[in-house]
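Throw the hints in and build the complete structure from the sequences for me.
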Amino acid sequence: MSRPRITSPLELLGPVVVVVLVGVVGGLGFVDPDLEVEFRAALVSVAVVVSLYVFVGNSGVVSFGHASFVAVGAFAAGVMTVPVELKPTITPGLFPFLAERSVGNLASLVLAAAVGGMFALLVGIPLMRLSGLAAGIATFAVLGVTHNILGNWEKIGPGALTLTTVPETTGRLQATIGAVLVITAAFLYQRSRFGRKLRAAREDPAAARAAGIDIHRERLWAFALSGAFSGFAGGLLVHLQGTLHAGDVYLELTFLTLAMLVVGGVASLWGAVVGALAVSALDSFLLDAESGEIGLINDLLGHPLWGGSRLVGIAAFMAIALIVLPDGLTRGREFRVPGSRRLRRRAEEPAS
Amino acid sequence: MTQDVQTVLDAVALGSIYALMAVGIGLVFGVLRLVNFAYGQLIMAGGYAIALTSDRSPLVSIALCFAVVLALSLAMELVAFRPLRRASPTTMLVATFAISYLLQSIALVRFGAIPKFAVTFPGLSDFVTVGGVSVRWITLVSIGVALASVSTLALFLGRTSLGLQMRAAAIDSETARLLGIRANRVITAAVLIAGVLAGMVAVILPMAQSPLVAPDTGLRETIIVLVGVVVGGIDRLISATLGGFTMGFVVGMLSGYLPSAGTWPFTSSVYLDSALFMLVIVVLLLRPEGLYARSRRSAVERV
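Top to bottom, those sequences are chains L and Y. No gaps in the numbering here: position 181 of the first sequence is 181 in this note's numbering, and each next residue is one more. No gaps in the numbering here: position 297 of the second sequence is 1297 in this note's numbering, and each next residue is one more.
Read the hints as simulated data drawn from the structure, not as lab findings. Glycine included, every Cβ here is placed at the ideal spot set by N, Cα and C. It is possible that some hints are incorrect.
Stretches of chain L that chain Y covers, calculated by requiring three or more beta carbons in the stretch to come under 8 Å of a beta carbon on chain Y [what the hints assert, rightly or not]:
1) 122-130
2) 139-149
3) 303-315
Written out as structure tokens, the structure reads:
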């Protein structure tokens, strides 16, 4: 039992250091102010992908429904932080109890987490009994219902319109702290009794059941927890964008975050972080190359990268990464300090 | 009364189109255990082939449509499905997402976001009156094409050696290979048949639904059919096909009978998707192995 305890803090260290570095580098003098927002967006992506990982990575069950928890969190935080005096113009159809009050930034993030978690818990109670493809499709159906209602019902939000005038409070500090919080919580969960039970069930459901693990209950825990994190990440997202449309938190977000997770390596926290950052970095690079801001590309081609290359480049990178490295960039392993494995082996040898 | 008959016929026609797609998705799943999310982009590509040759005769357009769709199907199999054959189901599914996204982006960059007109036979949108009920020709054509294709395929699977091999591979690919069935041949055949079906849908869909083709053409249909295939029961081709048909039929009936305005969720056709997906959740909870699956608890855990 002593081995995991020695190495485990290091496994958390890697993701946290990388995320903090991204936050710090984004604020250095040489980073263009236009580029700074991309650093913040990358950090919010990390939060969304790690939230998804908490369920998908630990349980081994794919969820296509997590964008709905991001969506309810984002809409809750967004609608409740629009200034009260602007609500009659921005969201005229709102229920009176929603229209009459607004809350601050921190309270809205807590609210987003609570709404996301409650929603995931309610949905999870029936759905977590399913497994395999049926579970995947059922979670997708939840996303379909959520998107359809959020995108049309004007009593709880902007309906088919775009929510605007949301305070843009997700600066680099909030984005970094948010991402670190989600990573730390995800790490604590996967090291906990509950996380280990669920991971055991992922590896061998029959053996886990025989050992007395209630798979349904463990999955439900993870689903609700990961729904709460997703709602929180949705709160970060809406405060990053300042605007929100139901289409922002639907299919594209679902595919992009799932692809980030699988490209990084679905079975490890390090994989979730690496995948989110790698895809975000490529995205920013191609975006800048298209607008002619990257000198090297201009010199090589004689002109900026073709418009639209960004979309094609991201999709091609994800497809190729998955075909060449089906287990992900990290092969599903946690972060290790280079050389620590050798040291540990040497330390173990005398004992055996 | 005639209005009701019309609505039902339109719903059956939509169900027929979705059933064709369900067969394509179900066939590939059977031999590869792969849920091909990029299936809709085959239809999109076929649609563009038609749209870009609209100055030629319809037959040339259609021939080109099938050529493009089959070439793309084969390319997908060789470049993506084959290397991924031993990957986990999740990786395979997400890889097909990426391919779908890639093909959509290429279409967006190459052809732009403005939709193009992709109707081959405009005359098929005319109404014909049969016994007091007026229906569009394309409604009858969709139903006819679906019936003909599904029965031809049933004959192929039941009466030919390759069809038999395909069924064997779908039931147990390991044993089938041990018995000397060449996996690559069977898989390529299944991918090509699925491609032919996608080509048919690419020709019919613009006439039956929106006449325009855009980068996201086929995406919504694929999602609904994928859901339908699982709801019907993905383990057998017949239950998968019926599942696809049911989704199309329910969508058609809901859009025929839901009122067009209403302020609360589920009370108007704006909330069609909610109503549809709520039904899906209920069916999955009651019969997780599939609505039309033969025996209970037969579904194997895959994703």
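Verification of the hints:
Residues of the stretch 122-130 of chain L lying with their CB closer than 8 Å to a CB of chain Y number 4, which satisfies the three-residue condition for coverage. Judged by the Cβ-Cβ criterion of 8 Å, the stretch 139-149 of chain L is covered by chain Y as claimed, because 8 of its residues qualify and three suffice. Interface restraint, the stretch 303-315 of chain L with chain Y: holds (8 residues with C-beta to C-beta distance below 8 Å; minimum three).
Hint check: no violations occur; every hint is consistent with the structure.
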